[in-house]
Amino acid sequence: MSQTHARKVETFTADEARVDWHSAALLALRDKRDLQAKSLPEWEQMRETASRMKLYVLSHLPELLEQFTSNCEANGMEVHWARDAKEHNEIVAGILKERGKKKLVKSKSMLTEEVHLVPHLEKHGIECIETDLGERILQLREEPPSHIVVPAIHLKKEEIGELFHEKIGTQAGASDPTYLTHAARESMRQEFLSADAAMTGVNMAIADEGAFVVCTNEGNADMGAHLPDLHIAVMGMEKLVPDADSAALLMRMLARNATGQPSTSYNSIFGAPRPGCQLHIVIVDNGRSLRMADRRHAEIYKCIRCGACINTCPVYRRGGGHSYDYFIPGPIGLAIAGDNPEANSEAWACTLNGSCNNVCPVKVPLRETIAYHREQLAQQKQLPYHKNAYMPLAGKIFGSPRGLSMAMAAARVGLRIMPQTLQRRIGGWSKSRDFPKPPAESFAHWYRKNRGE
Amino acid sequence: MASKEEFFASLTPSAIEPTPMPEVAVATRDAPLREHFIEVLEGVGGRLGQGDDLGDVKQRAAELVSQNLQVLSLMEGVQGNRDPSAVSDPHELKDVDYTIAPARLAVAENGSVWISGEDLVTRNAVFICEHLIAVVDENRITGTMSEAVRRLGKLGGGWGVFISGPSKTADIEQALVMGAHGARSMTVYVLRGV
Ligand code: SF4
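Note that the protein sequences, when read in sequence, are chains A and B.
Numbering-wise (this note's numbering), the first sequence opens with residue 1 and increments by one.
Numbering-wise (this note's numbering), the second sequence opens with residue 454 and increments by one.
Next up, chain A with everything else stripped away, as it sits in the complex:
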């Protein structure tokens, strides 16, 4: 079993100033998102429609996959099928090797992280260059992303300055973001121009058109895809939408909800290969259909990967993305993989406050899914933090009104007399937080005094 979330968080929370800085950066994204959401009078209606549209998709996957495939083929693309990660990686390596390709530029794709594509291709002697700036920084640092939209959010500009000085020859000590970004632009230009194949993810796959949408701010997906004669697009099968209206609905929500922009800089719609070039699409299951066979787990596949639930999550903000076992951090990561007994503390890296549910553009029931994982793990007696031992006792105490009132009285006294430093010892991601000041009396006592007969 791997380290608990609480243990891993300690590395991050050791530097309190950094925790505050990290948390503020994410809250700023949340604030910008709120402004954009509020600017659309139809926002709540859009969420409801998007949620139902995705439920339609998830309950009609085989038909929509058939339709998407035949339309893509009619549009001159080639479609491949991968039941699992291994098949996906073999298909991609096969396409590249058959054509003698040696260098792949890729834009951000959570799927390729999920299936560990890059190490597989490197074993086959194919060089892979991440082209999203954040992803490239992490590739050079040999480190995984800590967020699905802003992958290098945990890094300071000085750290990136040092890295670039060493790897791409920027001036020593330089840390200005504009200078560093433009230096990366120059260096990446050479990579784009010398690549012989490109890979992108897919944000929405439009079934009745046989076309797909790729959204970026940097323009890296397009810069990559429109140079070499081979483009491979990879997608989890849940990326389907039935039609262009549905894709437009999600395009209106994605960037607003992710970063508070009215749109990403580029929404590129691919409906055919470039003349004389090839466009391949790899459609992946890799456990999705199995997950969807469990109704209480199925709705996680409505997710459009905007990252808003991560930005708003207090545990993520104060614990950082590297404290999670699964490669997707925060609420959506817990909802997807929180029932993995190997990482059994994950489902508890959550306060069940439900803020994630409230910001989700497609109404993924994040809190309910995470609670469901806890339930399942409890049934399997897989509780972390010795909960197997004390939870039954706690259940007895909190289950009786007398027990609860005695426990609360003890907590009030405890919080008052225990020094903050000691309180912080108590736990994990809450280490860098201060406990609230306890009220002088219990609510029941107050109520009797003020409202009672």
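Please keep in mind that the hints were generated in silico from the structure rather than gathered at the bench.
One or more of the hints may lead you astray.
[Unchecked claim] Straight-line distance between alpha carbons at most 20 Å, and here's what the computed EDC-like set of lysine to aspartate or glutamate pairs gives:
hint, chain 1, residue 1, chain 2, residue 2
1, B, Lys607, A, Glu73
2, B, Lys457, A, Glu90
3, B, Lys547, A, Glu191
4, A, Lys32, B, Glu626
5, A, Lys38, B, Asp483
Add chain B with the ligand to chain A, keeping to what the hints say.
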């Protein structure tokens, strides 16, 4: 590797109850769309071209050429100094300073313009340039992305892109920087309709 049949055979049926497709409302916005578009365009880091007549675009192109810049014009009637018909491979465009391209639509709510692959010599022409100038007719401004997509018609069989401002990134400490991999600047000329 799985064939399509094997893949479909391996799918477990979804537990989600068959849900009907909801009606997807096409959101609209009221006039003045031109002003709304310009405001949002500037908010996403784009610039409004000086002037609202094709003559103004021609003049700008001539100015750029006179500064010895590499100008690729894909706009009918606007002269650059790169011959579009001579482009056989997108790599050849790596030294282009300015691309001038027609946009078929603009979207007020997000300041974007729709550029169709059919109007470009090669798709990368609007990404690889240092600066992008797009030209759109004010009568082609729609209120929302949903309205724009409705007006595009068929998407399969071609390629196109909505571009909202210059290429940008905030991957280094959330500081917004223009000019990540695509054009460093984006100027849109909104022509008065006839
Ligand atoms: S679960 Fe919802 S909020 Fe979280 S990333 Fe997915 S779509 Fe966004």
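A quick look at each hint next to the structure:
no., hint, verdict
1, Lys607/B to Glu73/A, "holds (16 Å)"
2, Lys457/B to Glu90/A, "holds (16 Å)"
3, Lys547/B to Glu191/A, "holds (12 Å)"
4, Lys32/A to Glu626/B, "holds (16 Å)"
5, Lys38/A to Asp483/B, "holds (18 Å)"
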